[in-house]
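Chemist: Each chain, letter by letter, is given below.
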Amino acid sequence: MTTYSGLFEAFGLKGWCEAGSSGGPVSMAELLAKTTGKAAETNLWDTPFPSLDALHGACGAVPRTRELTAGIERLFLGIKDPLKTVLDPLTQPLSWAIDGALWAILVLPWWIVIPIFLAVVQFAARSGRITGFVASVLLMLAFVDHYDFAMQTLAIILVCTVICVLFGVPIGIAMARNDRLQRSVIPVLDMLQTLPTFVYLIPLIFLFSVTESKLYGIAIILYAIVPAIRLTDLGIRLVDRDVLEAAEAFGMSQRQKLFGVQIPLALPNIMAGVNQTIMMSLAMVVIASLVSAPGLGALVLRGINKLELGVGIVAGLAIVMLAIVLDRVTKAALAQVNLATKH
Amino acid sequence: MNMNATTPKLSIRNLYKIFGTDPKAMLPHVQAGIGKPELLARHKHVLGLEDINVDMYAGKITVIMGLSGSGKSTLIRHLNRLIEPTAGEILLDGADVTRLSHDELRKLRQSRMSMVFQKFALLPHRTVLDNTALAPTIRGEPGAGTRESARRWLERVGLEGYEQHYPHQLSGGMQQRVGIARALCSEAEIMLMDEAFSALDPIIRTDMQALLLELQRELHKTIIFITHDLDEALRLADHLVVLKDGRIVQQGEPQEIILKPADEYIENFVRDINRARVLRVRSVMAATGGTDGHDRIDANATLEDALERAQGAADHVFDVTDGGCVVGTLAMTDLFKALVPRHARQEDAGGS
Ligand SMILES: Nc1ncnc2c1ncn2[C@@H]1O[C@H](COP(=O)(O)OP(=O)(O)OP(=O)(O)O)[C@@H](O)[C@H]1O
Ligand SMILES: [Mg+2]
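Chains Z and S, in that order, are what the protein sequence lines are.
Just so you know, we're using my numbering here: the first sequence kicks off at 93 and counts up by one.
Just so you know, we're using my numbering here: the second sequence kicks off at 1440 and counts up by one.
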């Protein structure tokens, strides 16, 4: 007899309750009640919230919360296989790209990788000071034997950023051209940006095996693609209407307008989006170490799991330095773009 | 007279433009004579243009004038269909522009009509030379010849040496010179100019007007020029169209409009101008045979010139000549009458 038994009786549902009673394993609360030998109180003070578990006590036909979670799990497992047959081949190239990049960056000797890296930085940022700064950070990381981890992290960020740009910029352009599309995509972007990063991982773990690199690849891309899309959309929409009208008045086709006017004029905004995409990839690749992403994040995780304070701190500092490097380089590249298209 | 002077290059026929959610449904109301304020209040639609009919002749400058919001920009954008009409047709050499397909329309914009904008609208990320060569570049014409002609046009508008600059490095007046060079470089026969000089300060503006007239003497383009400035309109216009609230109030030869304003709106417009400097002898002369032996004056001289020549003599009479032949006579008394605005004259007549 519990608080809510009377309720079911009053509605004449006693028969239904007894017929539907699932029995099932005894809950912890019931067990405790038995061992203390105390009957459930019926005074107002102790009235439990009419939760599923409390109602189940009164009426066996009401499911318990753990049956709800089990049901959701069954649902997921049910749709997992059909979903997997579609998503697996689609996302497989992502695994190949990430694995390939991780393999390439470690198979090449450091005295080739570091100069290539510096050359790219010099080309993008055109600043000796920044190239020098990047060089000193990389050498320092290598000196404390964090070279492999840092390079793994960079390789993952690189692959994910390229994919974010490849998909994000066209999506942003499509949004800028179509108000209805924009209205329907923005809530999705808002959701992707507000979901705590951990939450991404949960459905992904169900869908893909933790040993596949596309698992964390997808998590990173979903999280980091948002600014690339948003700022492309914004940049294209901000293009001076008078200039666009002139392009039209001189007979440009849609394509000529897009590649000759809109994208070049939106480039500063698009590059600002890429900068944010890179920074968000870095944030996510650290968290993705929970689902076996290699790199500096894995070291931080080791520091936490095994209480190896020193390992965690050094890896954490290395991440901070990488973040500064990536931010400086992309900001300098952005300044270069601004210089080239300044109005 | 040749054919060009008798058949218009470009002509607008019964053009209507209504802005709003269902313009076609509003057309009967407008054709029934509902005004702009009433259409807005009762049906929430904006009357942009109402029953516009204008003929524009090859080699002439047609100026469309009106106050802010009178529909000038709307009208000029119909000519190259940056705005689609609600009803009516636009005939270019007899062919209806409103029926062109997308591709035909792009061809037309690329090679037959060019445009100059109030805010210059140059591409900020391209050099002055590349901006000038915009139209041929869009047409996909090969590099060297195009660059050469762009360079020539830049030189023609006085910008040699600035080819590799970017628009933001130039002053407003120089940017608009690029705008004009860009329009000329398309080699289009028709040039649309929407308040092309309104963003410039008065002195630069006068320079640009002179540049335009000088180019026009040489190139004989068909120019449609928008302005809200009467002095500018009078200086440039071969044919003047006055718009008010989307309707044409009066159109004709500028001199004619000053001497015979159609209504109070135009009278107010022309009241404050310096009539002596604007009116020409041919507009006020009597077209009788010459009185031999008298002083001669050119038909295109201004009344100010005539006043100066007569040196204050109120009974002086000139023989008016055009290209050497005597075409009429100008009595100073007629000249004085023309200097007084019509409205004032009517009041005097009524009072006496
Ligand atoms: N897209 C539009 N939607 C609704 N109304 C419009 C639109 N474009 C123009 N109008 C209206 O049409 C009228 C004429 O506008 P237009 O821009 O042609 O004036 P304008 O004579 O060029 O004025 P200005 O000298 O200020 O440039 C105005 O009342 C304006 O509100
Ligand atoms: Mg305007």
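Source of the hints: derived by calculation from the structure; they are not laboratory data.
The beta-carbon is built from N, C-alpha and C at its ideal position, and this holds for glycine as well.
Any given hint could be a false lead.
Said to hold, decoys possible - For each label pair, taking beta carbons as the anchor points, the in silico distance ranges come out as:
id	chain 1	residue 1	chain 2	residue 2	range
1	S	H1607	Z	K398	57 to 63 Å
2	Z	A211	S	H1607	30 to 36 Å
3	S	L1544	Z	R272	21 to 27 Å
4	Z	D334	S	L1506	20 to 26 Å
5	Z	K172	S	G1582	30 to 36 Å
6	Z	L336	S	L1479	27 to 33 Å
7	S	L1479	Z	K172	40 to 46 Å
8	Z	R272	S	Q1608	37 to 43 Å
9	Z	D334	S	T1460	23 to 29 Å
10	Z	D334	S	D1646	36 to 42 Å
11	Z	D180	S	L1479	57 to 63 Å
12	Z	D180	S	H1541	39 to 45 Å
13	S	H1541	Z	M232	31 to 37 Å
14	S	L1466	Z	D334	29 to 35 Å
Said to hold, decoys possible - With a Cα cut of at most 20 Å, we get these calculated PhoX-like pairs of lysine-lysine:
id	chain 1	residue 1	chain 2	residue 2
15	S	K1699	S	K1475
16	S	K1546	Z	K349
17	S	K1463	S	K1448
18	S	K1483	Z	K349
19	S	K1448	S	K1546
Chemist: Does each hint hold? Answer for all of them.
Modeler: How the hints compare with the structure:
Here the CB-CB span from H1607/S to K398/Z is close to 59 Å, well matched to the stated 57 to 63 Å. Range check, A211/Z to H1607/S: about 32 Å between beta-carbon atoms, so the 30 to 36 Å window is met. The hinted window of 21 to 27 Å between L1544/S and R272/Z holds, with their beta carbons roughly 26 Å apart. Between D334/Z and L1506/S the beta carbons are some 22 Å apart, a value that agrees with the proposed interval 20 to 26 Å.
At roughly 58 Å, the beta carbons of K172/Z and G1582/S sit outside the given window of 30 to 36 Å. With their beta carbons about 28 Å apart, L336/Z and L1479/S fall inside the hinted range of 27 to 33 Å. Between L1479/S and K172/Z the beta carbons are some 60 Å apart, a value that contradicts the proposed interval 40 to 46 Å. About 41 Å separates the C-beta atoms of R272/Z and Q1608/S, a value consistent with the hinted range of 37 to 43 Å.
The supplied range of 23 to 29 Å is met by D334/Z and T1460/S, whose beta-carbon atoms lie about 26 Å from each other. Look at D334/Z against D1646/S: about 23 Å separates their beta carbons, and that is not inside 36 to 42 Å. Between D180/Z and L1479/S the Cβ separation comes to about 60 Å, which falls inside the hinted range of 57 to 63 Å. The supplied range of 39 to 45 Å is met by D180/Z and H1541/S, whose beta-carbon atoms lie about 43 Å from each other.
For H1541/S paired with M232/Z, a C-beta distance near 60 Å fails the hint of 31 to 37 Å. Separation of L1466/S from D334/Z is about 30 Å and conforms to the stated range, judged on CB atoms against 29 to 35 Å. Using a Cα cut-off of 20 Å, the hinted pair K1699/S and K1475/S is violated, with the two alpha carbons roughly 26 Å apart. For the hint linking K1546/S to K349/Z, the alpha-carbon distance of about 15 Å falls within 20 Å, and the restraint holds.
A hinted pair counts as satisfied when its Cα atoms are at most 20 Å apart, and K1463/S with K1448/S does not qualify at roughly 28 Å. Only pairs whose Cα atoms come within 20 Å are accepted, and K1483/S paired with K349/Z is rejected, the gap being roughly 33 Å. A threshold of 20 Å between alpha carbons decides the hint, and for K1448/S with K1546/S the separation of about 18 Å falls inside it, so the pair holds.
Checked against the numbered hints listed earlier, the structure breaks hints 5, 7, 10, 13, 15, 17 and 18; every other hint is satisfied.
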